[in-house]
Amino acid sequence: MPQITLIEGVTQALAYEMKHDPSVVVLGEDVGVNGGVFRATVGLQEKFGADRVIDTPLDETTIAGLTVGLAAQGMKPVAEAQFEGFIYPMMEHIACHAARMRTRTRGRLSCPAVFRAPWGGGIRAPEHHSEANEHLFTNIPGLRVVLPSSPGRAYGLLLAAIRDPDPVIFYEPKRIYRQYKEEVPDDGEALPLDVCFVLRDGSDVTLVTWGAQVKETLEAADALAKDGISAEVIDVATLKPLDFDTIHESVRKTGRCVIVHEAPRTAGFGAEIAARLAEHAMYDLLAPVERVSGYDTHIPLFRLEMKYLPSVDKIVAAAKRALAAS
Amino acid sequence: MSVVASFEIQYLQYLDPEGKLVREDLPDFAKDLKQLVELYKLMSFVRVFDTKSIALQRTGKLGTYASCLGMEAAHVAIGSAMHKDDVFAPMYREYGAQFQRGVKPREVLMYWGGDERGNAFADQPHDFAWSVPIATQCLHAAGAALAFKIRKEPRVAVTVCGDGGSSKGDFYGAINVAGAMNLPLVTVIVNNQWAISVPRRMQTGAKTLAQKGIAAGLPSIQVDGNDIIAMRAALDRALKRAREGGGGSLIEAVTYRLSDHTTADDARRYRPDAEVKDAWLREPLKRLKAYLVAQKAWSDAQEETWKADCGQRVDVEINAYLESKAQPVEAMFDYTYAEVPADLAAQRAQAMEGSH
Numbered sequence: 016m017p018q019i020t021l022i023e024g025v026t027q028a029l030a031y032e033m034k035h036d037p038s039v040v041v042l043g044e045d046v047g048v049n050g051g052v053f054r055a056t057v058g059l060q061e062k063f064g065a066d067r068v069i070d071t072p073l074d075e076t077t078i079a080g081l082t083v084g085l086a087a088q089g090m091k092p093v094a095e096a097q098f099e100g101f102i103y104p105m106m107e108h109i110a111c112h113a114a115r116m117r118t119r120t121r122g123r124l125s126c127p128a129v130f131r132a133p134w135g136g137g138i139r140a141p142e143h144h145s146e147a148n149e150h151l152f153t154n155i156p157g158l159r160v161v162l163p164s165s166p167g168r169a170y171g172l173l174l175a176a177i178r179d180p181d182p183v184i185f186y187e188p189k190r191i192y193r194q195y196k197e198e199v200p201d202d203g204e205a206l207p208l209d210v211c212f213v214l215r216d217g218s219d220v221t222l223v224t225w226g227a228q229v230k231e232t233l234e235a236a237d238a239l240a241k242d243g244i245s246a247e248v249i250d251v252a253t254l255k256p257l258d259f260d261t262i263h264e265s266v267r268k269t270g271r272c273v274i275v276h277e278a279p280r281t282a283g284f285g286a287e288i289a290a291r292l293a294e295h296a297m298y299d300l301l302a303p304v305e306r307v308s309g310y311d312t313h314i315p316l317f318r319l320e321m322k323y324l325p326s327v328d329k330i331v332a333a334a335k336r337a338l339a340a341s
Numbered sequence: 330m331s332v333v334a335s336f337e338i339q340y341l342q343y344l345d346p347e348g349k350l351v352r353e354d355l356p357d358f359a360k361d362l363k364q365l366v367e368l369y370k371l372m373s374f375v376r377v378f379d380t381k382s383i384a385l386q387r388t389g390k391l392g393t394y395a396s397c398l399g400m401e402a403a404h405v406a407i408g409s410a411m412h413k414d415d416v417f418a419p420m421y422r423e424y425g426a427q428f429q430r431g432v433k434p435r436e437v438l439m440y441w442g443g444d445e446r447g448n449a450f451a452d453q454p455h456d457f458a459w460s461v462p463i464a465t466q467c468l469h470a471a472g473a474a475l476a477f478k479i480r481k482e483p484r485v486a487v488t489v490c491g492d493g494g495s496s497k498g499d500f501y502g503a504i505n506v507a508g509a510m511n512l513p514l515v516t517v518i519v520n521n522q523w524a525i526s527v528p529r530r531m532q533t534g535a536k537t538l539a540q541k542g543i544a545a546g547l548p549s550i551q552v553d554g555n556d557i558i559a560m561r562a563a564l565d566r567a568l569k570r571a572r573e574g575g576g577g578s579l580i581e582a583v584t585y586r587l588s589d590h591t592t593a594d595d596a597r598r599y600r601p602d603a604e605v606k607d608a609w610l611r612e613p614l615k616r617l618k619a620y621l622v623a624q625k626a627w628s629d630a631q632e633e634t635w636k637a638d639c640g641q642r643v644d645v646e647i648n649a650y651l652e653s654k655a656q657p658v659e660a661m662f663d664y665t666y667a668e669v670p671a672d673l674a675a676q677r678a679q680a681m682e683g684s685h
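Line by line, the protein sequences are chains A and B.
With our numbering, letter number 197 in the first sequence gets 212, and the count goes up by one each step, no holes.
With our numbering, letter number 145 in the second sequence gets 474, and the count goes up by one each step, no holes.
Please keep in mind that the hints were generated in silico from the structure rather than gathered at the bench.
Predicted model, so just to flag it, every value in this text is computed and none were measured.
Among these hints, one or two may not hold up.
One side of the interface only, derived from the structure: several residues of chain A facing chain B at Cβ under 10 Å [what the hints assert, rightly or not]:
(1) VAL57
(2) GLY58
(3) GLN60
(4) THR71
(5) PRO72
(6) ASP74
(7) GLY84
(8) LEU85
(9) ALA87
(10) PRO92
(11) PRO104
(12) MET116
(13) LEU124
(14) PRO180
(15) ASP258
Where is the CB? At the ideal position from N, CA and C, for every residue including glycine.
Construct the entire structure; sequences and hints are all you get.
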């Protein structure tokens with residue numbers, strides 16, 4: 016059984032689906048001969064040809080517009096934005112066309128496309144290569160927004176995203192692209208979209224997160240355990256549509272919730288989860304909801320970026336505040 | 330210094346504004362007067378539809394409507410040149426093309442009447458919906474063309490944008506990728522001289538809009554967009570080239586928007602009356618009628634009968650639109666995704682109850 020990293024999970028899923036579905040094509044900048052700047056598409060052009068693994072002109076708007084056109088006419092395109100900070104020129108096509116193709120034509124046309132991008136900070140990259148902007152998409156009806164946080168979930172969720180009949184924003188936490196390896200059988204088994212994954216059971220506090228922060232959050236749960244505190248860890252995985260039931264069920268049990276994300280705090284996706292807790296779980300809560308997030312600043316250049324990102328210490332401190340509140 | 334490349338833009342016209350032929354090498358379709366009469370009838374049907382639609386808006390029975398007055402030749406030529414299984418990516422006023430592709434007048438009215446079912450096109454499975462965000466449709470057509478190329482289908486994608494639309498990056502992206510990838514994409518700039526209130530000369534310093542295609546490596550031509558013979562001839566050539574693997578083309582159709590931008594606009598605020606009056610001298614129906622009458626292929630009596638017939642047919646469409654009922658409230662949920670996700674199903678239930 017192969018031991019693979021998160022990014023190899025991406026490659027393995029792309030290769031599996033391209034092999035089994037001739038309508039799947041990959042397009043973007045440097046995805047062909049070069050195999051992608053992070054190597055996500057390495058070897059695909061050799062296997063499937065330049066007709067299906069397409070190096071486009073250097074224009075994100077073109078990539079997004081082609082993707083909408085391909086998807087509406089019977090293909091299943093997987094488009095790559097080289098970094099999440101370069102996805103902005105794609106947004107008109109994503110918001111105005113991909114996301115509303117089905118509704119505006121009453122189902123006559125649809126847009127079964129995946130927009131992939133390496134996402135998030137912490138790799139000492141240049142400006143515009145370290146954004147967390149998933150919340151810009153979670154407010155757009157018709158989209159799915161998915162962030163895997165392990166090799167297995169990268170493989171299983173990307174397969175599900177490609178097979179999904181609607182457009183998916185698939186953000187890959189680049190900081191943990193090669194964090195560790197795990198066994199991921201190349202069996203074509205998709206994981207479910209629209210559900211949270213409970214990564215660790217606990218009874219005292221619920222830690223809710225997604226993307227690269229899953230790493231720090233699990234480490235924080237370990238640290239809390241040493242102090243006798245039992246933390247439940249939830250990887251949201253699909254932000255939109257949100258599986259709030261899983262979060263609510265956990266908070267019903269623990270009475271405390273810490274939401275961890277690296278995007279700026281105000282109107283970050285943590286705000287939506289906190290609002291739902293206020294609407295539906297007020298009487299289950301024993302303490303105010305805590306948020307550990309990026310600040311309402313731009314993520315700084317890399318000399319300071321680790322001061323900006325959530326850390327194990329910040330998560331542990333937030334959990335202890337929640338426990339001290341009652 | 331030496332010349333490394335040189336270019337020119339040719340201009341194509343067969344019929345002058347008076348309906349006189351300016352060149353003798355008529356394409357085959359135009360030698361068949363029956364075909365020209367059919368094209369004339371389509372153009373005048375569109376004009377009757379347009380007039381009645383504006384009247385419908387003025388009496389409060391339609392939302393904002395985008396008129397196609399003056400641009401009928403360019404639009405009808407597109408519809409008549411395309412094959413059924415080609416794909417059309419319109420902007421939002423190409424009814425003359427769409428009616429030939431199975432889009433019903435009642436669907437046009439439904440869309441401008443505030444109902445998504447207008448884009449459901451019961452008899453047109455694959456053409457794109459109206460695209461209000463300027464020039465974005467050009468790239469969708471390029472994507473369709475790429476799909477045809479990947480699947481090795483002999484189909485062509487045709488798209489339209491305006492003179493204003495040709496200023497957008499999406500337009501350039503589409504013609505550029507068509508050139509780079511040799512895509513079967515025909516892009517038509519319907520240059521009607523006005524992007525709402527901004528005139529053509531303020532869009533670009535380029536002498537022609539057609540020459541933008543040179544930068545993309547495409548065969549590019551400027552055509553008298555009020556001359557349906559020239560438009561159809563240019564389109565036939567471009568579609569044939571694309572279908573045979575010769576790649577994309579750019580056509581600039583020089584025409585004039587005789588109407589306001591939409592019914593929400595008042596062009597008198599920014600456009601001199603004299604210019605509009607002058608443009609009426611060059612409009613597309615008058616010259617084709619003059620030619621057909623001179624060829625004894627059409628008469629005032631036939632015109633009267635045909636217009637009455639058009640009026641009746643449009644009235645049937647208008648009545649079908651007016652008699653249609655709004656969709657139920659849950660319709661806003663039911664097409665957001667292929668299946669309503671659990672999270673959205675809760676809101677759907679609330680909307681149906683009217684409780685939240």
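Verification of the hints:
1. VAL57: It is violated, given that the least Cβ distance between VAL57 of chain A and chain B is near 21 Å, above 10 Å.
2. GLY58: Violated. Min distance 20 Å.
3. GLN60: For GLN60 of chain A, the interface hint is violated, since the closest Cβ of chain B sits about 14 Å away, which is over 10 Å.
4. THR71: holds, 7 Å
5. PRO72: Since chain B brings a Cβ to about 5 Å from PRO72 of chain A, closer than 10 Å, the hint holds.
6. ASP74: At 5 Å from the nearest chain B Cβ, ASP74 of chain A passes the 10 Å test, so the hint holds.
7. GLY84: Constraint on GLY84 of chain A satisfied, holds at 2 Å.
8. LEU85: holds, 4 Å
9. ALA87: holds, 7 Å
10. PRO92: Holds, about 8 Å.
11. PRO104: With a minimum Cβ separation of about 8 Å from chain B (threshold 10 Å), the hint on PRO104 of chain A holds.
12. MET116: holds, 8 Å
13. LEU124: Holds. Min distance 7 Å.
14. PRO180: holds, 4 Å
15. ASP258: Hint on ASP258 of chain A: holds, closest Cβ of chain B at ~7 Å, below 10 Å.
In summary, the numbered hints that this structure violates are 1, 2, 3.
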